[in-house]
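**Q** What follows is the residue order along each chain.
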Amino acid sequence: MKILKKIKDEKSPDNPFLIITAVAGLTTDSFANFVLILALIVIGIIVFLVLLNVAQKIVGNYLERREQEMREEAATRIRLFLQAPNQPDHREALRSYLNHIDIIEMASEALSEVEQDKLRQLFIEIGAGHLLEQQARQARRKWQRVQALLLLGWLGSAENILVLKEALNDEDSDIGYAAAEALSRYNSEIAYRMLIDTLNDENLSRSRLAAFIESSRFKNVVPLLIDRADNSKPAVRFWIAYLLGRTHDPSALTLLSKMADDDSADVRASACEALGELGSKKASPVLQRKLRDSDWPVRSHVAKSIGKIGDDELIPDLLPLLHDPHWWVRQNVTLTLERFGKKSVPYLKELLRDRDRFTRNKAAELLGRLGIISAEISKLSGTESEAGAAHDFLVVVGQAEALRIIEDEALSSTNATIQSRLAAILGEIGSQRSLPVLEELHHSNISTVRRSANQAIERIRGAA
Amino acid sequence: MSQLLYILYVFFLIYFLSISFIYILLLFFAFFGSVRRLYEAKFTDFDLLSKSYLTIPVSIIIPAFNEELGVVNAVYSALNSIYPEFEVIVVNDGSTDRTLSILKEEFDLKIEDIFYQRSLPTQRVRSIYRSDKYPNLMLIDKDNGGKADALNAGVNLARYRYIVNTDADSIFHRRGLLRISRIVNTDPGRIVAIGGQLRIGNGLDVEKGKVLYKRLPRQLVAKFQVVEYLGSFLGNRVGWSELNSVLVISGGFGMWRKDVVLELGGFTIETTHEDIEMTFRIHEFFRRRKIPYRILFLPDPIVWTEVPDTWRGIFMQRRRWQRVVNEVAWRFRRMFLNPRYGTTGVIGMFYLVVFESLGPFVELFSYVAVILSYIFGFLSLQLLLLFLVVSFGLTAVIRIASVFIEQYSFRTYPLRSLPRLFLIAFFENLGYHQYILLARFVAFFDFLRRRRTWERIERRGFREEYQRR
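The listed protein sequences derive, respectively, from chains A and B. Residues in the first sequence are numbered consecutively from 1, following our numbering. Residues in the second sequence are numbered consecutively from 1, following our numbering.
Since the hints were made in silico from the structure, they are not lab data. C-beta atoms are modelled at their ideal positions from N, C-alpha and C, and glycine is treated no differently. Careful: at least some of the hints might be erroneous.
[What the hints assert, rightly or not] Some chain A residues near chain B, calculated using beta-carbon distances under 7 Å:
id, residue
1, Val35
2, Ile37
3, Ile46
4, Leu49
5, Leu131
6, Val146
7, Ala211
Please construct the entire structure, taking both the sequences and the accompanying hints into account.
**A** Right, here's the structure in full:
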């Protein structure tokens, strides 16, 4: 306590610390006052925030309820209008929603296209287009503009298409996307053309634009896409090829075949992918040729497309690509072979003896996935000749490192013959990795399984 | 001496005010960011996105180590996602409980000899399974190597351009992936990682991955974390995202571009947590090479996660989290105040070191100094109380403001939950906050001792049919 007393005595005017606190304007009293003011401010902010939270919640709940009521009311009025579209009362009742077209749009979601068209027509007649145009151009808040643009899309009036064109070029990408989405809701050639031309725009994401273009209500699109396919920008040609593929329209085949020889590898890849989307075997000669393309992305897409058109005659051409230096090419080849199912089995069985490890592995993997290995395992309990053939096949499968299925079956099978024969097969394959499984089988209740497992263990250890 | 103490008080005050100022500034950024995302979501055609061929496919990786209680729900919730093309890869990281057998039974998993490219080194993969019921569900059974190792095994098997990492105790919102990819689709060339909100799932009723009923958790510890998570995920990280300086994409949910993860050598096993380390590695890699990139954090709730609901559990978890902060601050010390690394180096790293890494020292020291000053008569009771009001009040301000952002944007909790949330925000500082500080303080010594262990936190799982069976 003496020390503390001494420390307290240090509080003299000569103390250098006082100078520092004085410079900071913080003498003892003023410091306390400062903290007091700060505490009051903090308490004030807390009270304000609590009230703000409660008010926001109450107002938010009210607005949500009100919107729900308005939507239900609008749905009733729409129903009445559709029952008797020419009755002035019903038209007048809907007129009051001129400033709430979003409510009408939401309430009309469940209606058929024809009914929606009738509704849209009414709102076009009562001047909704003009009102939305004004909002799309002049609203102070960006999101109000976005909403107005989207509602113009719902309205689909040809008279408003210019404002959407302007908005496509807006500096703000959110406005641009809203305009693109609105145009995709138009069932109009002009709107579709505008959308394709937007692909030239460097500021907007082309994949997002392509999604809008693809979802367009306008359907006769192939001639328009063909018309734009000679664009100087490879990125645009890439998406044109993509969109042509997504039409699944055979009339795009000729152009896509030509685009498969484009200077740009991206465009070639996209065209080959699109040829697959068309699903026609008429694309086979082009795809067969492009399997030897110098760029791996092209080969990878070709491999996928061959599966999509389902031309199993191309399987032999596909097999060398299992040695491709690029993983994605090999991966797509295996997926395609899987897609061909049983038709690829003879080729896959041959590949089990391939010099390349990856190819052997993939062939075994696919045979497993196609259920061939399980089928062969079940043959082990069949006739001698069947079992012998299955035995030889499974040894080759195991040597291709597809041991898991064999091991798993050896452990889980309830058939003693199968278990003991699988143990023998594992012994013949001779992988050290199988020892834990064989050890487990060695403790089986069935003597033949035990014996077989024991022999297999000795064989593997002996070889080691 | 008393003058020295006054200078200390001034220092504490400045420290508290500056940390609060940063938080409040981040809250402002977060508020405007949340409102913008809210409007973006409002005017996004999710229906189109959910069907489009152009929506970027993703591989969801769920590492699981002894997660028999929650993993089935986590997998179901991922499979229930409304999304055009995705695969789910569960990685059983050498679990010693029934995780593997439960999954095999529930999803009809069959062993398959899949030979995948071992791009990243991992512990030995024992087997790969595919589900007969869900063709897009696969399971890797491997030797134990930790979460990062399990994630790397998942990355090796993943087929798609973006990978999503999540935990085996997390429940996906059905539209969670769509909400994320809505942003990724606008700029897939630059967005290399993106995170979303984790909400606390203790107290949810869940059946086969579907959330049947939402309520606040029952346990007090978990309740505190509800408000705390809102502050750190919604207030803090969304704010950092606006500055393109997200400091961590949480391990609970994160979407990463696979090519970037591979380029950087995968998730590291050298730090206790892989998520924050990978986030910093990406910042460092891209900023150093001056390659334009973006790491984003969305305010949208993406997954529900289970948090520790015991005092011991939370202590261990926070101690581990803080250890990771220290590890990362040390590992990336060259970025500290280095203008070469832009806002991440100058502001982000400064914040990490001064307020996150050294924060527990200053805060605990300030509490001890102020209380001792009062005991020994250097501080009046009035000033002590004012100090505490300012310090506790500022934290409460931040928490309540986060609740406001949540209510304004997503309205997850009903009106009747608000008073409880406020009370939690007030009382968080009367014990809970200091308890967490203590855990963070202890973590510093763990860091010095280079401790790497990951203590097991007891899980209860969500309330659902599965456990009653």
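**Q** What are the numbers of the hints the structure violates, in ascending order?
**A** 2 and 5
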